[in-house]
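Work the whole structure out from these sequences, hints included.
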Amino acid sequence: MADMRVSLCGIELDNPVIPASGTFGYGYEFAELYDINVLGTFSFKGTTREPRFGNPTPRIAECTAGLINSVGLQNPGVEKVIEEELPKLANVFHKKVMANVSGFSVDDYVYSCEKLDKCEQVGWLEVNVSCPNVHGGGMSFGTSPEAAAEVTRAVKAVCRKPVIIKLSPNVTDIVSIALACQEAGADGISLINTLLGMRIDLKTRRPVVANRTGGFSGPAIFPVALRMVYQVAQAVKVPVIGVGGVSSAENVIEMMLAGATAVEVGAANLTRPYACRDIIKELPAAMEKYDISSLRDIIGGAIHG
Amino acid sequence: MADMRVSLCGIELDNPVIPASGTFGYGYEFAELYDINVLGTFSFKGTTREPRFGNPTPRIAECTAGLINSVGLQNPGVEKVIEEELPKLANVFHKKVMANVSGFSVDDYVYSCEKLDKCEQVGWLEVNVSCPNVHGGGMSFGTSPEAAAEVTRAVKAVCRKPVIIKLSPNVTDIVSIALACQEAGADGISLINTLLGMRIDLKTRRPVVANRTGGFSGPAIFPVALRMVYQVAQAVKVPVIGVGGVSSAENVIEMMLAGATAVEVGAANLTRPYACRDIIKELPAAMEKYDISSLRDIIGGAIHG
Amino acid sequence: MRQGIFQIIENLPLARDIMSLRLGGDTGAIVRPGQFVNIQVEDCFLRRPLSVCDWDGDSLTVVYRIAGRGTELLAKMKNGSLDVLTGLGNGFNTALSGDRPLLIGGGLGFTPLYALAKNLIKEGKKVQVILGFASKEQAVYVDKFKALGCEVTVCTEDGSLGLKGYVTRAMEGLDYSHFYTCGPEAMFKAVSDCSLTSGQFSFEQRMGCGFGACMGCSCETLYGVKRICKEGPVLMKEEIKWRT
Amino acid sequence: MRQGIFQIIENLPLARDIMSLRLGGDTGAIVRPGQFVNIQVEDCFLRRPLSVCDWDGDSLTVVYRIAGRGTELLAKMKNGSLDVLTGLGNGFNTALSGDRPLLIGGGLGFTPLYALAKNLIKEGKKVQVILGFASKEQAVYVDKFKALGCEVTVCTEDGSLGLKGYVTRAMEGLDYSHFYTCGPEAMFKAVSDCSLTSGQFSFEQRMGCGFGACMGCSCETLYGVKRICKEGPVLMKEEIKWRT
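Protein chains in written order, with numbering that gives the first Met the number 0: chain G, 0 to 304; chain H, 0 to 304; chain L, 0 to 243; chain V, 0 to 243.
Simulated from the structure, these hints should not be mistaken for lab results. Don't be surprised by glycine CBs; every beta carbon is placed ideally from N, CA and C. Hints are supplied without guarantee of correctness; some may be wrong.
Said to hold, decoys possible - Below, simulated EDC-like cross-link-like pairs (lysine to aspartate or glutamate); rule was C-alpha separation at most 20 Å, straight line:
no., chain 1, residue 1, chain 2, residue 2
1, L, Lys188, L, Glu150
2, H, Lys202, V, Glu184
3, V, Lys75, V, Glu41
4, H, Lys288, G, Glu281
5, L, Lys124, L, Glu156
6, H, Lys202, G, Glu281
7, V, Lys75, L, Asp42
8, G, Lys202, H, Glu149
9, G, Lys202, L, Glu230
10, L, Lys236, L, Glu171
11, L, Lys117, L, Asp98
12, V, Lys77, V, Glu184
13, V, Lys225, H, Glu31
14, G, Lys202, H, Glu281
15, G, Lys79, L, Glu230
16, V, Lys75, L, Glu203
17, H, Lys202, V, Asp16
18, H, Lys202, G, Glu82
19, G, Lys202, L, Asp16
20, H, Lys79, V, Glu219
21, L, Lys117, L, Glu156
22, G, Lys288, V, Glu71
23, G, Lys202, H, Asp290
24, G, Lys117, G, Glu145
25, V, Lys225, H, Glu49
26, L, Lys225, L, Glu237
27, V, Lys188, V, Glu171
28, H, Lys95, H, Glu119
29, H, Lys288, L, Asp16
Claimed, not checked - Output of the computed footprint for chain G on chain H, the stretches with three or more beta carbons under 8 Å from beta carbons of chain G:
no., stretch
30, 1-7
31, 61-69
32, 202-214
33, 242-256
34, 295-303
What the hints assert, rightly or not - Some residues of chain H that are not near chain V, with every Cβ distance over 10 Å (derived):
no., residue
35, Glu31
36, Leu32
37, Thr56
38, Asp106
39, Glu113
40, Arg159
Below you can see the structure in the form of structure tokens.
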């Protein structure tokens, strides 16, 4: 009997599969398709202090084995999320949810995290210091150890629940940023957010997305995500969530061997609405194929020796 | 009649297609397959002061839409390249070739570049400050503006021919590095080198390549390369060579719209030995499809407006 | 929304670069004209969203233009099966049509209007249709609309068929109870301006998922933000915020 | 080296996870036993290098183990065509065989040895063959070697067929003029140590291109660096630098 359970910052997950923020809305679209309680948990749409429409459209560009999005943190704002989205979510999801938070100032982060930390349904806060879509916004926090640590420290000061910092891959030395966040009290690190990418329309000779550049995700970025997870997992003591191009049970196992305690699935949800349910279904067979009885046992298995 | 000519640092190319260093050896393997004089030029195998075997094997890992290599600059050393490889090349290639140089100290770069600069066959020096495979080696030069500028300045001091600096994408701010190189006298910038990536073998639970991590290339990285070319081309005045995942005539045009004066083709040569010849053959039809009479005219076409 | 495997029944050209694709499979999720399907094309990462032009219990038809890599690959498929998401989007509201609805299609915009016309005719409405095309060569589906019993006016930009000019020219002096339109966004503002009644517009936008998960296709309306793929693609004239 | 499109004639299992693939096409570039082909499998970025087991004027056969995604996909292909690079690598040197060559195959290592045996028999040599397998179930091609007229000794690790133990056990006391071997690298050192003559080893390595461009498969020999795909896959006993 395959044991898929893992413990993420003191909360046990039935399995390590977590839909990534921005690819799963607040859960309902998918709850109409399958019982989302099969998930380990999910990270809801990036939430900010104020409501945001986000970037102008078009916001989507296709790539080989991936896509670029420049949604730009569209969300109803933290108050509405708490008053409207979470109660609705309670009807279809009975596990702790991961609250994904973005901001444009330390105060923003503190304001939103403090409110979400008090919500019964919220199990973890995932603090996004890395969204590449907001000019001069979240990006700056994620590209400097000091800024990332400052956000971490401020958020930790107002939260009782585990705080996971989601890092940007668009940096020279992601390990130093992860270490700074751990030093500042982060309970976990999730990586990677999207790579900054671009496509140009040959007919119009203009960038495909109105914002010109956007976040590149999908199977194409998996090798970069895996490398960074491997580097960070070796350096930090806190749990690491592996994110980036995961689209199969094998990818989940590979991420965990690299050092991930849990794994987020992003772009795959957009092209395959049942992707996460299917990955969870396929995990036991994949575990047997690779002689794994408990997923806990393989976390970081490729790091030593 | 489609005009494919472009001028790269004062030397006219029949077309902008250039096989990238490390995917075309010193040209012969391909000269056995087709007349390599159809190429704009090509960038030969990264050459160092001393002969190098490179990294231990396995050195290759497959990825979605790409591969990871950790060859680690295997080459016979600059003396042998000049005494043996270039004379052999002269029999099959009658255009100026691009000499790709790597090093582990400023002196290394100066030593090799000074010698290659004197070779009649060499048209440009492409200085690789970005090979991610050599621990503490080339990587460090490519990740700091100061170090990249120092190498540029030193090489320029001993070279009469155009010096093109090849940049690493594994950085937070590639524009600042490109500007530092231009400031230090670089005649051109080529980007991107490979992204640092990794794969793990689920059976052995060990990294696939012996060196653990390696350089990730192929169509998967095209959107990241295009974005960086777009950013750098806007910032610098010198010509930019677009490199990264290019595998079709459309990709060449997209790179040029982003600001590339010429385009290097890498991984595609490895899986499709005739890739560059085919891309050059397909360019006129692609130009007609997108209403382009002269490639020169579209360089940077997506930047303004 | 429902995910299903559909068999390719036929995939034939109607005109230069215009293809008609008929798929066999479970169409149970399609409940209104104006909804769309999202088709996974091999070797493309994203699905291709296409309006349903016509459907019955076990088959559906989409009409698409060969415009890029995805549709080029799709056009090459002459048999086999496709992974398709069906029943996407809100679709048209036929309850608002009144007795003499006007349907206005620009270019391939006629596709969702065909299923709509079928529906309205069945409901006993007097359906007037204006179809605008670039030229005669592009003018497809005209006879099919006529065969349904619609009163059809054709306009072409070059005058090679029907009225010379845009669809708005054909709207002048027409008497209608409500209108439904689909076509290039450039046409929408003009149609809205010269329209005498309320109406419904079917929008297009680049989509990541097509079922409301990614927020890639959002647009601002006078009544808040809507997702073209979920609360759209059909918006009411009164709620549209025109880009100025 | 030559690139060509080959038709799948048959792709059948010989044993559990062991497949035999016969391809029809231009084999003109294959000039020596021990050379390999590099096959493009759909949905895989890199080609799959496989030793040629047998070939004639217009077809070739490779035998492969279903070991990963690429070979899993390849095993599913029952017809259609494949993009194949042929005539890769140096191949075996038959001129050195002497009158009584010994061929030693470990696991699927027999594949290049089959074409070699055919060749040597044609040249009138007395060919002795040792085939090592994990067990009886894995022991394929034994009869085919016998049918060529070879003197075949089989070894299995579990003793379920022939001698119990490794191929080196079967080498003891044998009289031979030269040897050729292919199999797991772990077996090579043992074979080299107990061999009485010079011999040739066919190596395997992960390859990027298969034709000498990427330097991905290089190895150090006593006589300098060689590319397994170009100066190899066959190396002489005397030049091999054993990893200690």
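Status of the hints after comparison with the structure:
1. Under the criterion of a C-alpha separation no larger than 20 Å, the hint pairing Lys188/L with Glu150/L is inconsistent with the structure, at around 24 Å.
2. Distance hint between Lys202/H and Glu184/V is fulfilled; the C-alpha atoms sit about 18 Å from each other, no more than 20 Å.
3. Only pairs whose Cα atoms come within 20 Å are accepted, and Lys75/V paired with Glu41/V is accepted, the gap being roughly 11 Å.
4. This hinted pair does not check out: Lys288/H and Glu281/G have alpha carbons roughly 45 Å apart, beyond 20 Å.
5. As the CA atoms of Lys124/L and Glu156/L are separated by approximately 29 Å, the hinted pair breaks the 20 Å bound.
6. Note on Lys202/H and Glu281/G: the hinted pairing holds, with a Cα-Cα distance of about 17 Å set against a maximum of 20 Å.
7. Annotation: proposed proximity of Lys75/V to Asp42/L holds, straight-line Cα distance about 18 Å (limit 20 Å).
8. At roughly 41 Å between alpha-carbon atoms, Lys202/G and Glu149/H are farther apart than 20 Å, so this suggested pair is violated.
9. Our distance criterion of 20 Å between C-alpha atoms is broken by Lys202/G and Glu230/L, whose separation comes to about 30 Å.
10. For a cut-off of 20 Å, the pair hint linking Lys236/L to Glu171/L stands: about 18 Å separates their Cα positions.
11. Annotation: proposed proximity of Lys117/L to Asp98/L holds, straight-line Cα distance about 14 Å (limit 20 Å).
12. Taking the CA atoms of Lys77/V and Glu184/V, the gap is about 32 Å. The hint is violated against a cut of 20 Å.
13. Only pairs whose Cα atoms come within 20 Å are accepted, and Lys225/V paired with Glu31/H is accepted, the gap being roughly 19 Å.
14. Distance restraint check for Lys202/G and Glu281/H: the Cα-Cα separation of roughly 17 Å lies within the 20 Å cut-off, and the hinted pair is therefore satisfied.
15. A C-alpha spacing of about 19 Å is found between Lys79/G and Glu230/L, which places the hinted pair at or below 20 Å, so the restraint holds.
16. For the proposed pair Lys75/V and Glu203/L, the alpha carbon gap of about 39 Å is over 20 Å, so the pair is violated.
17. With a C-alpha separation of about 16 Å, the suggested pair Lys202/H and Asp16/V falls inside the 20 Å cut-off, and the hint holds.
18. Restraint check for Lys202/H and Glu82/G: the C-alpha separation of about 48 Å exceeds 20 Å, so the hint is violated.
19. Straight-line distance between C-alpha atoms of Lys202/G and Asp16/L comes to about 16 Å, which keeps the hinted pair within the 20 Å bound.
20. With a CA separation close to 18 Å, the supplied pair Lys79/H and Glu219/V stays within the 20 Å bound.
21. Using a Cα cut-off of 20 Å, the hinted pair Lys117/L and Glu156/L is violated, with the two alpha carbons roughly 27 Å apart.
22. A distance of roughly 14 Å separates the Cα atoms of Lys288/G and Glu71/V; the hinted pair therefore holds under the 20 Å criterion.
23. At most 20 Å may separate the alpha-carbon atoms for a hinted pair to count; Lys202/G and Asp290/H meet this at roughly 9 Å.
24. A C-alpha spacing of about 27 Å is found between Lys117/G and Glu145/G, which places the hinted pair above 20 Å, so the restraint is violated.
25. For the proposed pair Lys225/V and Glu49/H, the alpha carbon gap of about 18 Å is at most 20 Å, so the pair holds.
26. A C-alpha spacing of about 14 Å is found between Lys225/L and Glu237/L, which places the hinted pair at or below 20 Å, so the restraint holds.
27. Between Lys188/V and Glu171/V the alpha-carbon distance is near 15 Å, which keeps this suggested pair within the 20 Å criterion.
28. Taking the CA atoms of Lys95/H and Glu119/H, the gap is about 8 Å. The hint holds against a cut of 20 Å.
29. The hinted pair formed by Lys288/H and Asp16/L meets the criterion: a straight-line CA distance of about 14 Å does not exceed 20 Å.
30. Coverage of the stretch 1-7 of chain H by chain G is violated [criterion: at least 3 residues with CB-CB distance below 8 Å; count 0].
31. As drawn, the stretch 61-69 of chain H meets chain G at 5 residues by the rule of a beta-carbon pair under 8 Å; at three or more, the given contact holds.
32. With a threshold of 8 Å between beta carbons, the proposed coverage of the stretch 202-214 of chain H by chain G holds, since 6 of its residues qualify and at least three are required.
33. Three residues within the 8 Å Cβ limit are the bar, and the stretch 242-256 of chain H against chain G gives 5, so the coverage statement holds.
34. With 3 residues carrying a beta carbon less than 8 Å from a beta carbon of chain G, the stretch 295-303 of chain H meets the three-residue requirement, and the given coverage holds.
35. At the 10 Å boundary, the C-beta of Glu31/H falls inside the reach of chain V, the nearest C-beta of that chain being 7 Å off.
36. The beta carbon of Leu32/H is not kept farther than 10 Å from every beta carbon of chain V, the shortest such distance being approximately 7 Å.
37. Thr56/H, annotated as away from the interface, has a beta carbon of chain V within 10 Å; the closest lies near 6 Å.
38. The Cβ of Asp106/H lies farther than 10 Å from every Cβ of chain V, with a closest approach of about 25 Å, so its non-interface assignment holds.
39. Every Cβ of chain V is farther than 10 Å from the Cβ of Glu113/H; the closest lies at roughly 25 Å, confirming the non-interface assignment.
40. Residue-level check passed: Arg159/H sits 30 Å from the nearest beta carbon of chain V, beyond 10 Å.
In this structure, the hints that do not hold are numbers 1, 4, 5, 8, 9, 12, 16, 18, 21, 24, 30, 35, 36, 37, in rising order.
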